[in-house]
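Asker: What follows is each chain in one-letter form.
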Amino acid sequence: MIKLTGINKAEALRYMGYNKSIDLTDIEPLLKSCERELLSVIKPRYCYRIFHIESRENMILKDCSLHLSGKDIRAHLQGCDKVIIFAATLSAGTDKLINMYKIKDMTSALILDCMASAAIEQVCDMAEKEIKENTGNMTWRFSPGYGDLPIDLQSDFIRSINAEKLIGLTVTDSNILMPRKSVTAVIGLSDSELTKRRKGCAACNMADRCQYRKRGEHCGF
Amino acid sequence: MDFNELLKKDHIILDGAMGTMLQAQGLQAGGIPELLSITEPEKIINIHKSYIAAGSHIIYANTFGANRYKLKERNVEEIVKASVKCAKKACEGTNALAALDIGPIGQLLEPMGTLSFEEAYDIFKEIVLAGKDADIIVYETMTDLYEVKAGVLAAKENTSKPIIVTMTFEENMRTFTGCSISSMAITLEGLGVNAIGVNCSLGPKELYPIIEEMSKWTDLPIVVKPNAGLPDPVTNKYNVTPNEFAEYIAEMNKFGIRFVGGCCGTDPDYIRAAVKALEDMKPAVIQKEIPSAICSPANTVTVDMPRIIGERINPTGKKLFKEALKNKDIDYILSQAIEQIQGGAEILDVNVGLPETDEKEMMTAAVKAIQGVADAPLQIDTTDPDVLEAALRVYNGKPIVNSVNGEEKSLDTVLPIVKKYGAAVVGLTLDKDGIPAKAKKRIEIAEKIMNRALAIGIPKRDIYIDCLTLTASAEQSAVMETLKAVEYVKKHLGLHTVLGVSNISFGLPSRTLINSAFLTMALTKGLDLPIINPNIEAMTGAVRAYRLLAGHDINSSEFIEAYGSTEPVQIQGSHAEHTLEYAIEKGLKGEAGEITSALLKTKTPMDIINEIIIPSLDKAGNAFEKGRIFLPQLILSAGVAQEAFEILKAEIARSDDKSIDKGKIVIATVKGDVHDIGKNIVKVLLENYGYTVIDLGKDVEYEAVVNAVRENKCRLVGLSALMTTTLGAMENTIKLIRENSLDCKIMVGGAVLTPDYAKSIGADYYSKDAKQSVDIAKEVLG
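So the protein lines, in turn, are chains A and B.
First residue of the first sequence: 2, per the numbering used here; consecutive thereafter.
First residue of the second sequence: 467, per the numbering used here; consecutive thereafter.
It cannot be assumed that every hint is accurate.
Said to hold, decoys possible - Reference listing, derived: stretches of chain B covered by chain A, where coverage requires no fewer than 3 residues with Cβ under 8 Å from a Cβ of chain A:
| id | segment |
| --- | --- |
| 1 | 495-506 |
| 2 | 792-803 |
What the hints assert, rightly or not - In silico EDC-like pairs for lysine to aspartate or glutamate, Cα to Cα no more than 20 Å straight-line:
| id | chain 1 | residue 1 | chain 2 | residue 2 |
| --- | --- | --- | --- | --- |
| 3 | A | Lys4 | B | Glu637 |
| 4 | B | Lys788 | B | Asp824 |
| 5 | B | Lys1055 | A | Glu29 |
| 6 | A | Lys130 | B | Asp698 |
| 7 | A | Lys21 | B | Glu1091 |
Rather than coming from a laboratory, the hints here were simulated on the basis of the structure.
Every residue, glycine too, gets a C-beta built ideally from N, C-alpha and C.
Could you put together the complete structure from these sequences and hints?
Answerer: Here's what the structure looks like:
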């Protein structure tokens, strides 16, 4: 069971549009109390299954009906013989807290939303670490909607690892994961050393409208 | 054999997993097992038969995920019918019964998700009708009480079959959506299901505390259908053996379980082992008294000590509230809800009745919205049975109905609705002759209400009597009569009591003094549910102090938590050195109201807005544009300005001055999209510049935007979308606005938009952030 003891503040601030010239003194107490409250409602959960790649050509997985289409996922899984189909969530309490603050205090709602975005990444990182103890070399997380891996895979994705039953994850008709702060991802597995592939803007379909790039920054992916 | 016959057995044996059996026979992970009922019915029938052979009295048809949403374009009716046919076929020649098995739809319901309660009802209704050949209806693996309620209503209103509901709980004794065991039990017993329990979740051993807790809250037979432990991520094999499984099940007999089966990872061996282990066991009979309680999914409030009902969601005598109802301003109602809970309310009365407004529409919208942000159970307060039924339908949990009275017409219309939806009910001690002057007559009416409620099947614990507070200034002698009646009803009828307190002081000075004294007097006579303004510390404090003094608040811990750390509150003018400009710049929310009130002595509201608030916000906006402050600080400043605005609005409402309104703007997050933080930020800022914002919320239908623009004659619309997948919905909304040739400009915003794209879908303006939306509004509306 994963337990978060703190939120990655630098990351959360970045989502809020912070730059180093901004004085945080006045807002620091609010950041602190938001962090405390968020940590008290987050219930991190994740689930995964490991499948053998049966055919690299069409990305067919053994005993699994999920079809990972597109050239980007093929490139991502180069050198891998298995994949981890992974999902994680901060759970519904997080959404509820943020919704309550949307009525009570928008500043807190915004801060909590950004902190929760940072938190789900932390949860994924911690989950990966736990999984890694029992598996081999792993690629980074590649999610539906990234590159040309279709976002409308979400419902098949959830189904293939029973994520609704196991961690309470669902998806809307417009492919938005619910609870909101959740991640689904494909991680490649290999017994041999994997060459580090660059994550970057070139593969990202948000590149031309990315708010971080506009600021001369990088989303960190 | 039928269900009632079956109930005579000591233990009723259910089946084990279907999916596990099918995957062992080659079904892929992520495959759709329900299709096999059509393509390979023999396979399904054989699995059913193997469970019957193992000892199952009830088998679950292969219909778990057979709903419109999960099956996508496939034919639900055909698949459900085929699956039920397989189950019935397997039962032929045996005493086994076939259950229509219904799992979660797979989408989160509103207000968290986007699936509406009514749509969920339709989805379940379709399955229930298609599965009409089954003997029993089962809802299982549910995590959302709201979804269960939609399902139970769909089953009860379209069939007369017995209903079994099992939900999935985690180690923290809650479902994924936060539903507690007590809330599940009292809500479903109220709705009239036949058995409740737990399935899936965890291994059998981990379910002990869950079953133990459940048995405290219900008289219904309890069902347990655990997994065979936990699955391995590679092999998907479960880690509890049939014999271990059976041992654990036998151990649970002491909690009085009646229905037993297996979920994920189990097969006929597990069922056989369980049958054997329970063979010579009689189910334990547990002596219990079910507590009087009401609930939301996450919060059960027991009426075992005085509980505060907040009275503020009520337009009577409140100009701003009436205004909000006319404008369908749900956020205003929500802020009242949150404020009262912070003040100490444990239950919220909801009354939104106002002539010339659609009470039914407003009531359902308010109930749905409040339960999205607050966990306090609600008291539905209306005189219209139609509105009452609509509200009870969409309420998630077990509410209180306010109210029924001793008149025949009231008893005949209200009590059946209360019974159907399993609510608790307030009985007013008045009848066609009005409020009796003497306690004796009021007690008689209370008794009449009680007997009529009992006769219809409403348990005693769910009847709360209101002996009615009269105004002391007009009828001084009536005060003690009320208290006499309260005492008698509590002591001799054994019913809980409720009283609206504030009315006592009407027409008198220093009302809080009278109210809190009367409250304390009533509490000592046995008042359980005072209806008060919880934002007044003297009132909430009186209840908390009473709970301490009467020994309910063990070790005074609640009282100390509420008051132990507070400095004596003093209203003072010490913020005089801070100007409103300074408060806005520094984000000093607590001070804005006070400073603004002081400013009103020398300035008009419009002067304060134009000379102070707007220039201060402009300054913050500039700092934001230059990167000297970031978004949270900008919103913080806007929040302070908003506090100031609240004061100004109240002043304007008093003076009927309309000059503050700079024009109306409709805003919405488009259909399919649920990201509304950005839209809400825009709203706050626009309001601070004096615009009236009509916020349609998130996931908004195209037509709703068009209608709002037309009704309000808006000249500016703001649309927001955060996903590439919902940009289409934005384009469609714009198209529909244009097709209706409405005279309005459209601005759009959201992370995935670019100025070029905005232009290409026909928007007039692209707004890169909240600050720019204000600039656009100034340009369009002035």
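Asker: If a hint holds in the structure, say so; if it doesn't, say that too.
Answerer: Here is how each hint holds up against the structure:
1. With 3 residues bearing a CB less than 8 Å from a CB of chain A, the segment 495-506 of chain B meets the requirement of three and the coverage assertion stands.
2. Residues of the segment 792-803 of chain B lying with their CB closer than 8 Å to a CB of chain A number 3, which satisfies the three-residue condition for coverage.
3. Proximity of Lys4/A to Glu637/B is assessed by CA-CA distance (about 15 Å); at most 20 Å being required, the pair is judged to hold.
4. Taking the CA atoms of Lys788/B and Asp824/B, the gap is near 13 Å; set against the 20 Å cutoff, the hint holds.
5. With a C-alpha separation of about 15 Å, the suggested pair Lys1055/B and Glu29/A falls inside the 20 Å cut-off, and the hint holds.
6. Restraint check for Lys130/A and Asp698/B: satisfied, since their Cα atoms lie roughly 17 Å apart, inside the 20 Å limit.
7. Among the hinted pairs, Lys21/A with Glu1091/B is consistent with the structure: their alpha-carbon atoms are about 15 Å apart, no more than 20 Å.
In terms of the numbered hints stated before, the structure departs from none.
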